[in-house]
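Residue numbers (our numbering), protein chains in the order written: chain A, 1 to 360; chain B, 1 to 348; chain C, 1 to 523.
In case anyone wonders, no lab produced these hints; they're calculated from the structure. From a predicted model like this one, the values you see are computed outputs, not experimental measurements. Worth double-checking, as some hints may not be accurate.
Below, a sample of chain B positions facing chain A; criterion: calculated Cβ distance under 8 Å [to be verified]:
hint : residue
1    : N118
2    : R119
3    : V120
4    : G122
5    : T129
6    : F130
7    : Y141
8    : T144
9    : E188
10   : N313
11   : I320
12   : Y330
13   : E341
Yeah, the Cβ is synthetic: ideal placement off N, Cα and C, and Gly gets one too.
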Amino acid sequence: MKINAQAYKFFNIEIVVPIVFLLLSFGAWQFSGLSGAFVLNQVIIRFIRDGILVLSLVIPVVAGMGLNFAVIVGAMCTQAALLFVINYQVAGVAGILLVIFLSILFSLLAGIAIGYVLNRVKGKEMIVTIIIGFLANSIYQLVFLVGFGTFIPVINEEIILSRGIGVRNAVDLSMYRNTIDKLWLIKIGEIEVPLFMILVVLLFAGMIYYLLNTRFGQKIKAVGSSYEKAEIAGINVDLIRIKVLILSTVLAALGQLVFLQNIGMFDVYTAHMNADVISCAALLAGGASIKSAKIRHALIGVFLFHTLFIVSPQAGQNLFHNAALGEYFRSFVAYGTIAFALIINIKHEDKRLVVNSSCH
Amino acid sequence: MKLMMNTDCIKPPQIIILIFLAVLLGLAHFLKMDLAGLFNESLIKLVMNGVLVLSLIPMLNAGAGMNFGLPVGITGGLIGMCIAVNFRLAGWPGFLMSLLLSVVICGILGWIYGLILNRVKGREEIAGTFIGLSLIPLMNYFWTLAPFQNRQMLYPIGGQGLRPKITLEPYFYNILDNFSLVKLGALEIPLGLLGFYGLICLGLYLFFRTKAGRAAMATGENEAFARLSGIDIAGARLLAIILSTVIAGIGICVYSQSYGFIQLYDAPLAMYFPAISAVLIGGSTGRRAFIFQAVLGAYLLQTIYLLTVPIANEILIPEITEILRTLITYSIILYALLYRERQRGIGH
Amino acid sequence: MENILEVKELSKAYHGVPALIDINLSVKAGEIHGIVGANGSGKSTLMNILFGNPIVRETGGYQGEILYRGRRIHPKSCGEAIRLGIGMAHQEFALVPDLTIAENIKLGRERTWKFTDRLFGPKYSFVDRKRNAAGAAQVLHKLGLDVDVGIKVINLATNTKQFVELAREIDRRDIQLLLLDEPTAVLSKRDGLKLIEVLMEMSQAGLGIIFISHRLEEVGHICDRVTVLRDGRVVSRYNKGEISISQLARDMIGHRVNKAIAPARDLNTRPVISFRQFSVDMPGEALKGLDLTVFEGEILGLISLSGHGKLALGYGLMGLYPAAGEVIYKHQRIDQMDARANIRKGIYVLPDDRQGLGILPEHSLADNIIFTGNQVKNLFAKNMVRPFGFLDQKKADLHVGQLVDELEIKCTSIKQKIRELSGGNQQKVCMARALTVDPKLLFVAEPTRGIDISAKEKILKLLIDLNRTKQTTIVIASSELDELKRVCDRIAVLVEGKVFKILSPDSPEVEFGLALADEKGNQ
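My request is simple: use the sequences and hints to build the entire structure.
Now the structure itself:
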């Protein structure tokens, strides 16, 4: 097999894609007329909000499970936890701790379920996770739009719609807001750097890096390379995959928690929408592929992708006098990046076309 | 090799759907709803959505999976219709021109789409999903910037580009629906519409009896065998994908003339999951589909959709219609994905 | 010395077909126990059971007892076997392609930073890559190989991979029983000897070793005891000193009295196809520079141990796997291994894996029979509007009906789905398809696998009839030597992807056994 050509190609992708994004971002930024400081501030905020979510995608890619679009489920678990705690009106530190506890609990269970399901569809994980995400969203809506007020007792009237059934579209989180996201704020000229939160994101990055370099991490890599070979090398492939999913879902849940507390406002039905596509696109923008992802891809990718995201609408306005065109550009870039990653990466596998004969 | 033949047994999804349908019918009767009217509606909805469902069959049978990239074909159809409307072609000339243009454009789009899908064997579904998803924003540029002249299609002064919903009333709204409409008491049978649908079914059936069609089916059933038998795998798949895309283009034309509007921009996003879900409800395993299954599934799904609206309004919260619809759709697709993989595993 | 391993009355069947029957075996600590056997003897099944390969459980488990160090065990996964102290060097390597040599050797036992070990436990301790690499290099050095351990396994040559596979097991401190499946097959003589040295050292330290090899000379040289398996049973056992290579070869092949179906004849014909340095990259069955000439009108047999290439010839010719080398068919070079072109030229391949490649399971048997003929040669086509022509159903059904009668295919109707037919009947359908295509040169692989006795006879007769009546040249790749002896004019023995020897069907079994074992024997 011409592996050198393959390796060369891979090397290219890791460098080429981020450079393309860099150029695009730079170009769009120039057209947008926005100040560098403004853009940078916005990017830093997005980095904090989305960083952990993007990081949660890394391990499943390493495990050979492709892009985990079901991270959206983790996000929904956190939101569910939040709504329950707000409903039962547990305030203050106890409330925060309960939210964290519940969101980890829910996402743990969700991760086990999803992992179990994915073990039955080895090779088709990505399409299944997308469907799982959509399905979970429907169930989420069922619970919160229909269930609250009918099956689930409402204690906190404030969060319910006027008709009595269903949580309202937006819930205020001001009680939790601004507790930690302005911690250790450093100002460099016009640029605000919330050091604490950045360190939190980097801490998670560090944790994942650590995990991937333990014995456990080696097993994950083995499974990602070839689960048949990993199995006969003595690794419990199914268990590893479930653990990977649990990790990914819990991290996504925690990431969503950071996201929500940073925004301060909770759009109950839309906060998690498109989180999966945006984070996957960000990861890929950093140079990852569906078979290989590293921490640095996630971190760089968030920067590059969100820069483009932030400047596009204004650039569209300035260039075409139509901000919507900038929006379309954003969508195209997000979906297109993923489509691109899916298309170019297939050369690797076609040796096994014909069934292995002879069961002797 | 009769494509009209029934499959083996009824699996859990079918049972659940049938029970659900029975419950809804019971409720409808209990609530004294206009069953005759609903029946008439159901026939129209069948064909309106049914052609899109039929478009999934070639790709499924050729081994290219469920066509999550349906937006590609839909886009072709939309372009065709927009051009026809732009030149103010109304009535039959308008509709037929739309069909013709759709076929041509979808042929080209399908060819490109097929070339891409041939590169991603094993991942056609996820790749198709994102190809479709990225095509939509790209087309949004087209709808906004392309030089259409028909004032009725464009945004009022101050806006740029085509409207999101272009009315077909002055053109070919309901042209097929009303063609040869037969009334039997309270029932209205749209013969023209059903005939058109039947024609497409027949066309598909005949295709699969041709040499090329058989080659495509063999490719989907056992690719290694097909290769060993000298079949050009890539060519067979390409043909199937082009066919699927073209039928999808026709499908959106039929849908639009019935609905009364050409829906642009993000509208295609809502169209592909229900179509896929329909063919699965009809009994397809996700690896092979009979025409019969597509028709049955389309009818069942649309009828359920139809019944949930008034019932939900009566007894529950209106949003529940949408939620229930999506719940059914995604559960069916998920089940099919799981069941299909398990089948494949057993075959080892 | 105690028994590390004791196998009692071990039996296993795959879907009703017995692979192992009442196997009794024991291995002492410090013993090197050889296992020898031809295709279908059950060696691999035995190894799969001992090592807990999940495929065993998935196909119905096994009967009998396995005692390991005196205790009953029932390994349900390879991980479990490894934890018990059993190690295995697989014939096709259990190496993870994208990990490096060092990572593969140390998989599961990586060297880690001690303090993380204590903090987070052994599973979550941080890997010390430098010490890992050093350790890996050390083990390889012991085996006589010095190579950069940072290279990914996927980039390695096959013999290097063998070293890595072995190094992984040798590096283990907890190993008590080592299963070696063809460890020297891809190694040079010198490397093989080095390995044997290391193995003998380890066995002296108390390690029990099961050594599977087709190289009888080696087996005789290093094993303390040898067990010969044939057709799933133990046929003989020898101690060191009693081992004779020709006796082993004879035991491997067995002796059956079968009369030839067709009388021997002297064919003096031209070559119809010749292969020069023909290589096929089929995973697990590669051909490596085959030189072979097939004469017109003959029935040529191909036999080899599994993995040695006999199945790859037809597949390579039809382009299923990448092939290289020169092929001359009827005086013309074949440049492209393209199935369609080759079928048109008169070459056809019936695969061994019927379920996987040989049939369209959801189609009727009629469709299966006419498929290739219709697709490639436009047989039974109605309209001339190719490629959209329809089928002349009447003509096709007539033809199918004739064949069904001729071949005595048992079915409810010609429209019955082929997957409902028995194995033997399915194979007849495949033959019918070949007859429909009417090739000049037919490659058949494992024609009688999975078929009952009476159907076997019928299939063999069919092949002979085809050859005698239509002068179709037939190349049969099979692991059933006695069948080949009954129908072939010549039998080519393949070893490690090349033609080793061509024997006449009258040659004594021992000649075949020796040839398969890579021994020159009587020249």
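>> Hint by hint, where does the structure go against what was stated? Just the numbers, ascending.
In response: 1, 9, 10
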